[in-house]
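Each chain, letter by letter, is given below.
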Amino acid sequence: MPSWRAFGPDTRVTSRRRVVVTAVGMVTPLGVGVERTWRATLAGENGVRPIQRFDASDYPVRFAAEVDVPGSGATLKQALAMLALDEALASGVPAPGSRLGVCLGSEAARPPLEWLFRTTPPAGEEIAALAPDAPTRMIARRLGALGPRSTVSTACTSSSQAIGEAVLRIRRGEVDTMIAGGVDVLSEPLMVVGFSKLGALSTRNDAPEHASRPFDLHRDGFVLGEGAGMLVLEEREHAIARGASILAEVTGYGCSCNAWRITDSPPDGRGAAAAMLDAVTDAGLTPDDIGYINAHGTSTPQNDHSESQAIHRVFGKPVPVSSTKGQMGHLVAACGAVEAILCVLALRDQVVPPTRNLVTPDPACGDLDHVLVARPTHGLLRHTLTNAFGFGGSNGSLVFSMSDTS
Amino acid sequence: MSRILGIGIVTPLGDDVEAVLSAVREGRSGLSAQPALDGLPDSRAGVVSGPDLAGWLTRKKDGRLLARAARLALPAAGRALRALPPGVAEDTAIYVAVGREPPDDPEAEPSLLAMEVDGVLNRERLGGRGRELYPPLLPLRTLPNMVLAHVSIRHGLRGENGTFAGAATAGVQAIRAACLAVDEGRAPFALAGAAFSGVDLASARDRLRVGLTAPPGEAAVFILVGPGEPLRWDPRDWIAAMGDCGPVAGLWGLL
Chain A
1 MPSWRAFGPD TRVTSRRRVV VTAVGMVTPL GVGVERTWRA TLAGENGVRP
51 IQRFDASDYP VRFAAEVDVP GSGATLKQAL AMLALDEALA SGVPAPGSRL
101 GVCLGSEAAR PPLEWLFRTT PPAGEEIAAL APDAPTRMIA RRLGALGPRS
151 TVSTACTSSS QAIGEAVLRI RRGEVDTMIA GGVDVLSEPL MVVGFSKLGA
201 LSTRNDAPEH ASRPFDLHRD GFVLGEGAGM LVLEEREHAI ARGASILAEV
251 TGYGCSCNAW RITDSPPDGR GAAAAMLDAV TDAGLTPDDI GYINAHGTST
301 PQNDHSESQA IHRVFGKPVP VSSTKGQMGH LVAACGAVEA ILCVLALRDQ
351 VVPPTRNLVT PDPACGDLDH VLVARPTHGL LRHTLTNAFG FGGSNGSLVF
401 SMSDTS
Chain B
1 MSRILGIGIV TPLGDDVEAV LSAVREGRSG LSAQPALDGL PDSRAGVVSG
51 PDLAGWLTRK KDGRLLARAA RLALPAAGRA LRALPPGVAE DTAIYVAVGR
101 EPPDDPEAEP SLLAMEVDGV LNRERLGGRG RELYPPLLPL RTLPNMVLAH
151 VSIRHGLRGE NGTFAGAATA GVQAIRAACL AVDEGRAPFA LAGAAFSGVD
201 LASARDRLRV GLTAPPGEAA VFILVGPGEP LRWDPRDWIA AMGDCGPVAG
251 LWGLL
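Note that the protein sequences, when read in sequence, are chains A and B.
Using this note's numbering, you'd call the opening residue of the first sequence number 1 and step up by one each time.
Using this note's numbering, you'd call the opening residue of the second sequence number 1 and step up by one each time.
Extracted from the complex, chain A is given alone in its bound form (with noise of 0.2 Å):
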């Protein structure tokens, strides 16, 4: 199994630069905004409902986890990046310059169907908005970034391994402040179409509020999420000196290919294990020091399967597991910053998040300590892993911990 410290000499604990998180901001199915979110997330509330967006009332699956703004593809996406930034900057704005740098998670968006049937053909502009990196150059343009710029498209992974990236430009020194995050819209009738061809959706159209329950013996697929997530990343001294409230520190990033096949995991974890024992060796840990799991859990069959063996090969004793999920469906390339946010929460309030609709857990993945309502853990809680896992086998694992300036 890959580990940091397998192929020289360690410099990545001892003498790097350390990154903290100083802002954060979300949209998704469960609200605008970090505390509604929060708030329903810890509720265990459901963000899943027939779709709105247009009639899907002859589709195999009708129903997503919508957010509640107006807007569709390429000009929604835009939209909630904004709408999270925003919250993130709330109270400040980085300075521009070389030394800030935007690195997100997102995949292309579609073309509207309605360009099939149009007699004038698109304008660049609607083209350029298309492209994966355009919620990138956005943010980068209106915050006058002139530091590093990254788009990271590896489908579920994509924005957990867009702040491991952020993450390690600052430690390098590159940049003092990365906006960090992803952004996704998959409420949209070719995706759920697609999804659904490929047979990796729900189908409870009967009870959509139940359909997204990861770890429960009776899942039968993912439901189609969308939303946003942003983080002002911040080398530690540099949010010291400008006075700036610190949430968390980031300290472990690690990530791993499963070379397995294209849609399935393997069994036994094995690629899971080894982002999870990265991201925990980085951040200078043993496995018995991380205090909750936020898992990818898609509430598919075969990925919560093979996620609990990594979890079991990982940390070998029940630890604190949920997937919010659950509540919200699967924000795909979003869905790494979001839960991200969750765990840097989670280190605030000292409390862990549910997982919904988990009634019945899968024996078949064993003996993890699912938390069925919001778990307050007194204090005691100090460092969080949140895992991400894409189609193609790209996985990445990210661990939050208490900052000592908190």
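These are computed hints drawn from the structure, not numbers from a lab.
On a predicted model such as this, the values are computed, not experimentally measured, just so you know.
Glycine included, C-beta positions come from ideal geometry on N, C-alpha and C.
A few of these clues could be false.
[Said to hold, decoys possible] Chain B is nowhere near these chain A residues, computed Cβ spacing over 10 Å in every case: (1) Gln78; (2) Ala79; (3) Met82; (4) His218; (5) Glu235; (6) His305; (7) Arg348; (8) Arg382.
[To be verified] Label pairs and their in silico Cβ distance ranges: (9) Glu132(B) - Pro267(A): 28 to 34 Å; (10) Asp220(A) - Gly39(B): 45 to 51 Å; (11) Gly71(A) - Pro110(B): 25 to 31 Å; (12) Glu125(A) - Asp38(B): 23 to 29 Å; (13) Asp118(B) - Pro121(A): 18 to 24 Å; (14) Arg242(A) - Pro227(B): 51 to 57 Å; (15) Ser29(B) - Thr203(A): 48 to 54 Å; (16) Asp264(A) - Asp118(B): 42 to 48 Å; (17) Ala36(B) - Ala207(A): 44 to 50 Å.
[As the list claims (entries may be wrong)] Looking from chain A toward chain B, a few residues come up when the C-beta cut is under 7 Å (computed): (18) Glu45; (19) Gln52; (20) Asp55; (21) Ala128; (22) Pro132; (23) Ala155; (24) Thr377.
Dock chain B against the given chain A, drawing on the hints supplied.
Below, chain B without anything else, positioned relative to chain A:
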């Protein structure tokens, strides 16, 4: 510091590095008129002949899952990886840059056209007749990280990874990430590269609409880096020979 151990290319001018380098120095062009692009102001494009995937697919049926960029990437990555010492593939990192895949795979067209009613789009039809015609594997071909996925699966690469999207700088970002993975001791070796195909009619039209007037091209370039002397390269203007190959363009200088 990292150094280049292996290079693999698939280009309109061939897949032999020395031969392609000579051809570009001699001013030979890989562009040719493409009947599929008739009607555009310039119907030339830099199109790769083939590629022959024999030997690069684990299972023949996997070919159905490959978009054009992934078809170009598999042999290019495979050739770069020939320099990999035995027994270390599992820990090798992989960073890939991709451009935008064709917005509408030709196979999806019957499904999409089934939504027309009297010349007007009927979205609801996609749920019925359109859905029946929709290619079930299309989403798996068009996700941006599928190049990385196919290469990692074919060659058993399980190290850290990433797929960068965007314009010509994405290829350089992939190379940089790979070199840093080696330099910082996170991987013993790293494969990095880019793959792109923009020679279909829809992509060529879109390029013109965003003001890109160079003939479109397609190519894949991969390098294997390992510990050694610093990586140095000097980009040249290869667009005249190859067409604009998006994220691959930043990598021509590696040759």
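Hint by hint, here is what the structure shows:
The Cβ of glutamine 78(A) sits about 16 Å from the closest Cβ of chain B, beyond the 10 Å cut-off, so the non-interface label holds. For alanine 79(A), the shortest C-beta to C-beta distance to chain B comes to about 20 Å, beyond the 10 Å cut-off, and the non-interface label holds. At roughly 19 Å, the least C-beta separation between methionine 82(A) and chain B is larger than 10 Å, which holds for a residue marked as non-interface. Residue placement check: histidine 218(A) keeps its beta carbon more than 10 Å from all beta carbons of chain B (closest about 25 Å).
The beta carbon of glutamate 235(A) is kept farther than 10 Å from every beta carbon of chain B, the shortest such distance being approximately 17 Å. For histidine 305(A), the shortest C-beta to C-beta distance to chain B comes to about 20 Å, beyond the 10 Å cut-off, and the non-interface label holds. Once the 10 Å rule is applied to beta carbons, arginine 348(A) is consistent with being away from chain B; the minimum gap is 29 Å. Look at arginine 382(A): its CB is around 25 Å from the nearest CB on chain B, clear of 10 Å, so calling it non-interface holds up.
The given range of 28 to 34 Å is respected by glutamate 132(B) and proline 267(A), whose C-beta atoms sit roughly 33 Å from each other. As the Cβ distance of aspartate 220(A) to glycine 39(B) is approximately 47 Å, the hint placing it in 45 to 51 Å holds. Checked against the given bound of 25 to 31 Å, the beta carbons of glycine 71(A) and proline 110(B), roughly 29 Å apart, stay inside it. At about 27 Å, the beta-carbon gap between glutamate 125(A) and aspartate 38(B) stays in the expected band of 23 to 29 Å.
Between aspartate 118(B) and proline 121(A), the C-beta spacing of about 22 Å keeps the proposed range 18 to 24 Å intact. For the hinted restraint 51 to 57 Å between arginine 242(A) and proline 227(B), the CB-CB distance of approximately 39 Å leaves it violated. Distance hint for serine 29(B) and threonine 203(A): a CB-CB separation of about 53 Å, consistent with the stated range 48 to 54 Å. Taken as a hint, the range 42 to 48 Å holds for the pair aspartate 264(A) and aspartate 118(B), whose Cβ atoms sit roughly 43 Å apart.
Look at alanine 36(B) against alanine 207(A): about 48 Å separates their beta carbons, and that is inside 44 to 50 Å. Nearest Cβ of chain B to the Cβ of glutamate 45(A): about 28 Å, over the 7 Å cut. The hint is violated. For the restraint placing glutamine 52(A) at the interface with chain B, the shortest Cβ-Cβ distance is roughly 13 Å, beyond the 7 Å limit, so the hint is violated. The interface hint given for aspartate 55(A) is met, as the beta carbon of that residue sits about 5 Å from the closest beta carbon of chain B, less than 7 Å.
Contact between alanine 128(A) and chain B, as hinted, is supported at the beta carbon level, the nearest pair being about 5 Å apart and thus within 7 Å. With a cut of 7 Å, the hint placing proline 132(A) at the interface with chain B holds, because the nearest CB-to-CB distance is about 4 Å. The restraint placing alanine 155(A) at the interface with chain B holds, with a minimum CB-CB distance near 5 Å, inside the 7 Å limit. Proximity of threonine 377(A) to chain B is violated relative to the hint, the smallest CB-CB distance being about 31 Å (cut-off 7 Å).
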